[in-house]
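Residue numbers (the working numbering), protein chains in the order written: chain U, 247 to 1008; chain R, 2 to 290; chain X, 12 to 168; chain A, 23 to 97.
Keep in mind the hints are simulated off the structure, nothing from the lab. A portion of the hints provided could be inaccurate.
Here are a few chain X residues that face chain R, going by a calculated C-beta distance under 10 Å [unchecked claim]:
(1) 61
(2) 71
(3) 73
(4) 141
(5) 143
The calculated DMTMM-like cross-link candidates involving lysine to aspartate or glutamate, where the alpha carbons are at most 25 Å apart (straight line), are [unchecked claim]:
(6) R:54 to X:66
(7) R:54 to X:27
(8) R:265 to U:919
(9) R:265 to U:930
(10) R:60 to X:128
(11) X:83 to R:58
(12) X:84 to R:58
(13) X:96 to U:271
(14) X:129 to R:82
(15) U:450 to R:259
(16) U:278 to X:89
(17) U:1005 to R:245
(18) U:836 to U:718
(19) X:96 to U:268
(20) U:333 to A:76
(21) U:331 to A:62
(22) R:55 to X:38
(23) R:261 to U:396
(24) R:261 to U:987
(25) U:431 to A:87
(26) U:920 to R:266
(27) U:994 to R:260
Facing chain U, according to a computed beta carbon distance under 10 Å, are these residues of chain X, among others [to be verified]:
(28) 100
(29) 151
(30) 154
The model shown is predicted, which means the values in this text are computed figures rather than measured ones. From the three backbone atoms N, C-alpha and C, an ideal C-beta is built for every residue, glycine too.
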Amino acid sequence: MPDDIKLDKELKVVGHRNVRPDGMDKVTGRAKYGADLILPGMLYGRVLRSPHAHAKIKSIDTSAAEALPGVKAVVTGKDFPDQPKSKPPYGPMIQDAWDATRNIIAREKVFYDGHCVAAVAATSDSIAKQALKLIKVDYQILPHVIDPIEAMQPDAPILHEDQFTLGVEGATKPSNVFRIMKAAKGDVDKGFAEADLIIERDFKTKAVHQGYIEPHACVGNASEDGNVEVWTSTQGHFVSRNQLANLLGLPVGKIRLTSSEIGGGFGGKIPMYGEPLAVRLSQKANRPVKIVMTRDETFRSTGPTSGSHVWMKIGVKNDGRIVAADAKLYYEAGAFKGAGIAAAIGCMFSEYDLENIRIEGYDIVSNRPKVAAYRAPGVPMAAFAVEGVINQIAKKLKIDPVDIRLKNAAKQGTVNVSGIKYGPIGFIELLEKVKAHPHYNTKLEKNQGRGFAAGYWMHAGGMSCASVNIQDDGTVTLIEGNPDIGGSRASMAAMAAEELGIPFEKVRPIIADTSSLGFTFLTAGSRTTYATGMAVVEATRHAIKICCERAAAVWGVTPEQVKWEDGHAKPASANVGDFAPLSLSELAKKAPMMGGPIAGHSEINATGQGPAIGGHLVDVEVDPETGFVKLLRFTVFQDVGRAISPDYVEGQLQGGAIQGLGWALNEEYIYNDKGQLVNAGFLDYRMPVASDVPMIGTVLIEEPNPNHPYGVRGVGETPIVPPQAAVANAVENAIGIQMSELPMSPPKILRAIAADRLKAAE
Amino acid sequence: MDEMRYETPTSVNAAVKLLAGEKGLAKVLAGGTDLLVQMRGETVVPNLIVDIKKIADMKAIKKEKGGFRVGAAVSGAELGEHPELSKMWPGVVEATELIGSTQVQGRATMTGNLCNASPGADSVPALIAAGALAAIAGPNGKREVPVEQIPVSPGKTSLAKGEFVTSLFLPKRPKKSGDAYLRFIPRTEMDIAVVGCGISLTLDKAGTVLAARVALGAVAPTALLVDAAANAIIGTKLEDAALDALAAACSAACRPIDDKRGTKEFRIQIAGVLARRVALIARARALKK
Amino acid sequence: MSRHHISTTINGDSAEFLCDTDESLLDCIRNELHMTGTKEGCGTGDCGACSVLLDGRLVCSCLVLGVEAAGKKIDTIEGMAQGDKLHPLQRNFLEHAALQCGICTPGFLIAARALLEKNPNPTETEVRFWLAGNLCRCTGYDKIVRAVMATAAELRG
Amino acid sequence: MGEARRFTGDVAELEIEAGNVMQLFRKLGERFPELAPVLEDGFAVAIDGEMFEDSLLQPIKPDAEVILVPKIAGG
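Here chain U stands alone, though its shape is the one from the complex (with noise of 0.2 Å):
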């Protein structure tokens, strides 16, 4: 339960517990996921994946399978048509469709294990099993990088021979670095010229799945009439319909996605695999093909977050400013240009209020899965470092570490490296939570140890759409579509109940497909609370206003006249007259007869999102003889602006919390020296269990922002940011030693441990 949560009084749903509206098929097993929808003629959809890191593709000779008995389609690279490269200039954001085709199925080359290469469809599952053995890929096997500083050296193996370094003049070779992002404010040598230490240190972090409990599911469904149908666990059906025309070649209008409930994504979920292929297969075998991946696939072949060195540096008066603040970031993108650098750059110091800041990133291809985004993607790489060397500077001068970020807290008015200068927002109230806290002032035994980081998330707007119906006993039909992936369509009930005035278990939302809505983006970047939160009660007005005249109509005044309070259209005063308040039931059972139905929608796109600084506080213990660290206490503080559903933003603060632990000790891709992953299942991954860790401690601090009708400002991805800097912090107070590589796996805290006595000794 959350330590403390400010309820505005007048509000009676917002902000409440309330029960989701999707929960109970949820519990009873009743809800569909992606792997759930069982089609009348329905084959089974299965891909070939390459065994090989690196490797030419000389030929692939499907014959065999396809005279199977039972086989009734099979496709390779060939049956997708192909796309043009995208030339420079490039954009910050790649999307590029020469390389999003290859990533869905090979075609000269394979980039990576687990590769697709093929895939066909059966009338079961174990005769496209037994089909995939009979398709023979002659492949010529090519030297493979995957560590981004290997990738990055002269003689390294290189995967685009056409890729020519950005942000270097006059480069002459090809190379695995795409391009060379800078982003500076003011003057960073004078600031290190002032400063009175400075301190500069290496960091590495290892790949990263979002590990997602459901794996990527879909079921592509294309008739003869060129129509298209598919069903998928996704983070956005409207952005994947899109992608999914111009892979395909197809209208956009004649293509039909439907959202399934989704089991996880945290980012990973936003690049589509199976799609294509699930429908390219159907178009040929005319029959509905369902494609479910294995948990080896999904380790294999979807989006792992980038693996990273990262160099730091930053000076410090002896109060603890931070005068200059200067970094390096080397970011694996797998086979294909994109790695998070650009949000690492504008995040990674934006809670601080910084005068001097230098930041170079570099995008490096590897060959390992396409990165994908995982929550606030490439910033808690880059905040490790942050917060790690922020943390070194507060041991040598002897500041407590939350006082000396306290010294450099952004505040209202601060500009951050981007250029967003910031509206109201709550890091030094909650800075200051921090220190007043029970957990910041408990003891710690022997071999214990606390550490504090923070992290930023800047949120994203963009489009949504919404549409109210009233329906005519007064119960409302909210229509959106965002995939909920961990509550939505309670926070939007909420609002649209808010703001009728009427109870929250009368309104029912539903998630619409693609053709039954205006475009929606993501579920993604904490955007869906706040941007189609927007577009709800832009909806919900809208339906308001014309209740509002509805009544204005009966009483025989101007719509100016009515107000809209408690579920009811009111006089707007004494002056109005003396009417009886319409209820929104009695108004919606007189609609047909009084110019038809009411309803509302909004179409939008939002802009004016606020950016949510956290910060995470870690009690660990450290075996010394073992490396082993246990997580003893954990408290997530965290500027939410509004809590809508405060039960699924302690939840978000909880999971994110959790996933950056298992981040910081355990969870990493291990290779092979073939460039084979050899982890690929939850048993070797390894991702934290229930009794890994105890109740995780929340603390909202709620400083809305303006720009949202309920202040919303976003809260999945921060949560995410913090953590790995904070473990790594708690485990230097514990045995006095940085550890400035994740995963900070026992075999190398034993190691560290054992180095530091050999140093002691000497």
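Here the structure of chain U is known, so what remains is to put chains R, X and A in place on it, guided by the hints.
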């Protein structure tokens, strides 16, 4: 595709006949928690699966000669629910209960853990330390061997064509005996042992170690019985020097590999750390009896 | 290839299905009986999303062969509520917001029910270790553990 | 202008008369042809510190400070 057959014999002889008569690959199914994973990954594609759970006594835990005979299909959960056995051999039971999740415990068996021949199997070092025997039925009749003779290398056993383990026998305990098992994993659950250590010991009235068996898992191609480690504590009261010698002997016995679960260096070091801790738990248990 | 004809009992009702030897019970429940409440997260017994009771014993249905279900009693999430009355665990999961995406929820509910039937008064540590085989990536487990503890307290009265 | 500098011959700051974002982008594109093709898809703007993405019709007041910010997707 060859047809995969499934049989449920009701006698040991019938099972032996099926296993011996199969020309292709025949696999015994008890809990299936290894076999099904291997089948799914297609590392094992049997032509015949012989489900032994319908054979009398495969699900039984019986008292015998002051010890216990545990049928080959007794699950970890059933083992843990047997109070007498848990009291006599707590180390063996706790080791078996560490295999997988609660769900896996509902199916996984000690015999399967042994016959899967994984070097990291949790129950095996505890069984070896306990001096457990494996009863084997086969075309040439029955035989009984110490459990450490069953695994010969990762994934391979000494069982001949047509043979299968029908039960494990845990012998009677002298007074003042105790056993224990610990493993190191980086999480608190759900991992395969990076190192495992099982120790069984018997004390005299003064608390001196009269007899000891020390076994290590995940530090060599098979679980190891480390005589030198036992000798390091026999005749001692597990003073610091004895524990140091025990740890050193365990570390010296390791022949580990670097793999995704741990490094050589780490395994060698942890083997010693665990051995000390396990010996103290086993002693505490022995003192209570 | 001839398939096995299996007669079994699911949630108290007799059921029949056809399966291949190597088909898991999970695949049979989902693909043959179209009961899709039981989920597949890994297929290797590492995530618990496919938890069911087999003759009253908590198991991963991905680690049971369909053929082994012959003559057995299987309990799945679809049988947990009695008519329109939710099991107290189901109700408490809703009231404590113990789910976000919900894909792991059926497995957690089945596993938690097995725990409370065996141990009506578990400590937090016992709950956490019993449920260690059920992975959840959304919640950090906090609210799940609270919901189970609250249900235990409620059932004890 | 940060990331946009790669397209502007390193010009970091300039004054442009524009009533809204679309006019601004058009004028920037005329001045820096390299930048033109990536402006709409690649950049958001911060007008006097406030972020606007995909907002071509957003008015810009005289004397406003506008910063080009790379567009970023979330998770």
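Hints and how they fare:
no., hint, verdict
1, 61, "9 Å, holds"
2, 71, "4 Å, holds"
3, 73, "7 Å, holds"
4, 141, "5 Å, holds"
5, 143, "4 Å, holds"
6, R:54 to X:66, "14 Å, holds"
7, R:54 to X:27, "21 Å, holds"
8, R:265 to U:919, "17 Å, holds"
9, R:265 to U:930, "17 Å, holds"
10, R:60 to X:128, "23 Å, holds"
11, X:83 to R:58, "19 Å, holds"
12, X:84 to R:58, "22 Å, holds"
13, X:96 to U:271, "13 Å, holds"
14, X:129 to R:82, "11 Å, holds"
15, U:450 to R:259, "21 Å, holds"
16, U:278 to X:89, "13 Å, holds"
17, U:1005 to R:245, "24 Å, holds"
18, U:836 to U:718, "8 Å, holds"
19, X:96 to U:268, "17 Å, holds"
20, U:333 to A:76, "22 Å, holds"
21, U:331 to A:62, "19 Å, holds"
22, R:55 to X:38, "23 Å, holds"
23, R:261 to U:396, "21 Å, holds"
24, R:261 to U:987, "17 Å, holds"
25, U:431 to A:87, "15 Å, holds"
26, U:920 to R:266, "23 Å, holds"
27, U:994 to R:260, "14 Å, holds"
28, 100, "8 Å, holds"
29, 151, "4 Å, holds"
30, 154, "6 Å, holds"
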